[in-house]
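S.K.: This is what each chain is made of:
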Amino acid sequence: MTDNAAKSDSYALAGPEDFFDLLKPRVMSLVVFTAFVGMVAAPGGIHPLLGLVSILAIAVGAGASGALNMWWDADIDAVMSRTANRPIPAGKVRRGDAGAFGGFLSALSVVLLALSSNYLAAGLLAFTIFFYVVIYSMILKRATPQNIVIGGAAGAFPPVIGWAAVTGNAPLEAWILFAIIFLWTPPHFWALALYKQGDYERVGVPMMPNVKGDAATRQQILAYSIILFFAGLAPLATNIAGVIYGIAATGLGAGFLWFAYKVYQGTPEDHGPAKKLFGFSIFYLFGVFLALLIEKAVKYYV
Amino acid sequence: MSEEPEISGAEAIKKKKQRNLAIALSLAAFILVVFLVTILRLGGSVADRSF
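Quick mapping for you: the protein sequence lines, in order, are chains A and B. Terminal number for the first sequence in the numbering used here: 454, no gaps in between. Terminal number for the second sequence in the numbering used here: 88, no gaps in between.
In isolation and in its complexed conformation, chain B is listed as follows (with noise of 0.2 Å):
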């Protein structure tokens, strides 16, 4: 009894790294979803609009 819950706070560290680390990766992805679509949805004309 004394010793499980050593054991599972060890497993509960490495899986809260992997959640955290599935947050961040999941966040660099959206990051560049969002770049690359508003790059193609400005297309090649953005520099000759006139206003």
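Chain A on its own, in the form it takes in the complex (with noise of 0.2 Å):
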């Protein structure tokens, strides 16, 4: 049998959970739980049957545009081990097929917010998308060791669609919550991309380990560290956050900075810092949200 019947043969295998996975599940999950969040802190509030059919339109847009960089970036999943095993490169979801399911719920997702909350929120929406799937995936990823700085816009808007589902604006609160996202993704990715550099190396993505080197790499965790902690001490000045979130984030941000500074007085050799301080990032991001949420749960309830 050659491999193109094998392929053939595996393509009508594929069930609904492998097109589920073109989603990104897991990045889906955190635009979620953020967007939910920017919903909560925002103030006044929106029917909760419309809050709850907004949160999808965000996890569907968000998935789409997870479907979209999979269609795009199918060459160089199928050399990184961290993601041979998504559904083109496994050979379970034809790539033209991705794209299109992408393209469609892409479209769904922002009409549906549209429909469910206002068109400041949709047109952020559709924004995210196109940030991510044009600017990031598209232009910087495989041009500039900058790529997941800029590119973490995209990441970061969540909270911003969220809190402009509910008021109707974006005003400097979201933009805060937005900031703190796009200055926790490079020591975030770049943790990462310090034990995996074997991988972008080999498809030729520049990430920034494999451009300008271990050592600066690790100078650039620490710093954005630094600046991301009193980032998340920003919230602080408004009246979205309190006592409570005071003490969560300040907390977090001195673990955070701890394992960066762990990372930065590592060898190359050694990835164990850079890996506990990938784990603890996702840790500290979804700590951090979770504090403002608390924080307006007590101010409503107390």
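By construction, these hints were calculated from the structure, which means they are not laboratory data. Certain hints may be false.
As the list claims (entries may be wrong) - Here are a few chain B residues that face chain A, going by a calculated C-beta distance under 7 Å:
1. Ala49
2. Lys52
3. Val74
4. Leu77
To be verified - One side only, chain A facing chain B, incomplete, derived with CB under 7 Å:
5. Leu165
6. Pro168
7. Leu202
8. Val205
9. Leu267
Unchecked claim - Distance ranges between label pairs, derived from CB positions:
10. B:Ala66 / A:Ala242: 23 to 31 Å
11. A:Ala242 / B:Lys51: 16 to 24 Å
12. A:Thr402 / B:Ala65: 46 to 54 Å
13. B:Thr75 / A:Leu324: 30 to 38 Å
14. A:Pro177 / B:Lys51: 20 to 28 Å
15. B:Ala65 / A:Phe438: 32 to 40 Å
16. B:Ile60 / A:Pro177: 12 to 20 Å
17. B:Ala66 / A:Leu324: 31 to 39 Å
18. A:Arg354 / B:Lys51: 33 to 41 Å
19. B:Ala61 / A:Tyr453: 40 to 48 Å
20. A:Ala164 / B:Thr75: 36 to 44 Å
21. A:Ser181 / B:Leu79: 30 to 38 Å
Yeah, the Cβ is synthetic: ideal placement off N, Cα and C, and Gly gets one too.
Given two chains presented individually in distinct reference frames, assemble the corresponding complex, making use of the accompanying hints.
M.R.: As structure tokens, then:
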């Protein structure tokens, strides 16, 4: 049996779960969570069901951009160990099918968000998808080691979209939440890149460690972590955060700095500190946004 | 070699049914969501508006 025949057989065996995997469910869950926090932190309220549909629309939009990213990057995903088992390189879903799936869901999610909330939120979602797929995946990713610095904006939009869905505007507080995710993204991904740089090297994606070297990456991780520490405290200057958030953000920020410092001190041979920082960075983002949620709940019920 | 296509054929039909069912359920959910959103956005005052 030729390879082509084997592949066409495997395409016929694609189940719904393979298409679901195109939506990057784990990224989607973080998007849902941060968008939800943006919604809750915003003043006023939205009908619970309209809020739920808006979250669904944002989730589908994020998933759609994930599918379009896999459509565009199928060639390099096949080579990298971290992504080799994604549906397209695994031979489960045709590349064109993934593209159509992502394009269709993109349009659907934007229309749905326009119906359930307002045009600003829908416009921001459309821009986020465009930014992630065209600006990040197509233009920046393979061209510059600043790829994820600028591309990180795409992942930072969800709380702003959630906020806009409730209020119809996007004030400074929403952009502070944007800034936290934006500044969090580089140390998060560079920690990963430090121990996966062989992968990126092989496919020619210019991640920071393989372009500027290991030492420069460690320095930049530490630098961003210091800025992130202060950005994490910025909500305290507004009325969306109080004592609970202050304690959480200080503790989590200090923890992030500690792990980043360990990476800074580390050696290229030892991947331990970078792996720990990568793990903690996810915990950090989750914790900081959870603190905002708790803060609002306490304000509401106490 | 000769038996394999038949097995994968049955499996392929099963998977196709699963995909079709998933699409049908998604469409039904989408219709329900648009219906509910429409009702909520129109609100109770839709009957009172003056043309």
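S.K.: So, for every hint listed, does it hold in this structure?
M.R.: Here is how each hint holds up against the structure:
1. Ala49: This interface hint holds because 4 Å falls under the 7 Å limit.
2. Lys52: At about 5 Å, which falls below the 7 Å cut-off, the nearest Cβ of chain A leaves the hint on B:Lys52 intact, so it holds.
3. Val74: Nearest chain A Cβ about 5 Å off; hint holds.
4. Leu77: 6 Å, holds
5. Leu165: 5 Å, holds
6. Pro168: 4 Å, holds
7. Leu202: 6 Å, holds
8. Val205: Interface hint status for A:Val205: holds (6 Å vs cutoff 7 Å).
9. Leu267: 5 Å, holds
10. B:Ala66 / A:Ala242: 23 to 31 Å: Because 27 Å falls inside the window, the suggested range holds.
11. A:Ala242 / B:Lys51: 16 to 24 Å: At 19 Å between Cβs, range holds.
12. A:Thr402 / B:Ala65: 46 to 54 Å: 48 Å, holds
13. B:Thr75 / A:Leu324: 30 to 38 Å: At 34 Å between Cβs, range holds.
14. A:Pro177 / B:Lys51: 20 to 28 Å: 23 Å, holds
15. B:Ala65 / A:Phe438: 32 to 40 Å: This hint holds: roughly 33 Å between Cβ atoms.
16. B:Ile60 / A:Pro177: 12 to 20 Å: Since the Cβ atoms of B:Ile60 and A:Pro177 sit about 19 Å apart, the hinted range of 12 to 20 Å holds.
17. B:Ala66 / A:Leu324: 31 to 39 Å: With a Cβ separation near 37 Å, B:Ala66 and A:Leu324 satisfy 31 to 39 Å, so the hint holds.
18. A:Arg354 / B:Lys51: 33 to 41 Å: Since the Cβ atoms of A:Arg354 and B:Lys51 sit about 37 Å apart, the hinted range of 33 to 41 Å holds.
19. B:Ala61 / A:Tyr453: 40 to 48 Å: Distance hint for B:Ala61, A:Tyr453 holds at roughly 42 Å.
20. A:Ala164 / B:Thr75: 36 to 44 Å: 38 Å, holds
21. A:Ser181 / B:Leu79: 30 to 38 Å: Taking Cβ atoms as reference, A:Ser181 and B:Leu79 lie about 32 Å apart, which means the hint holds.
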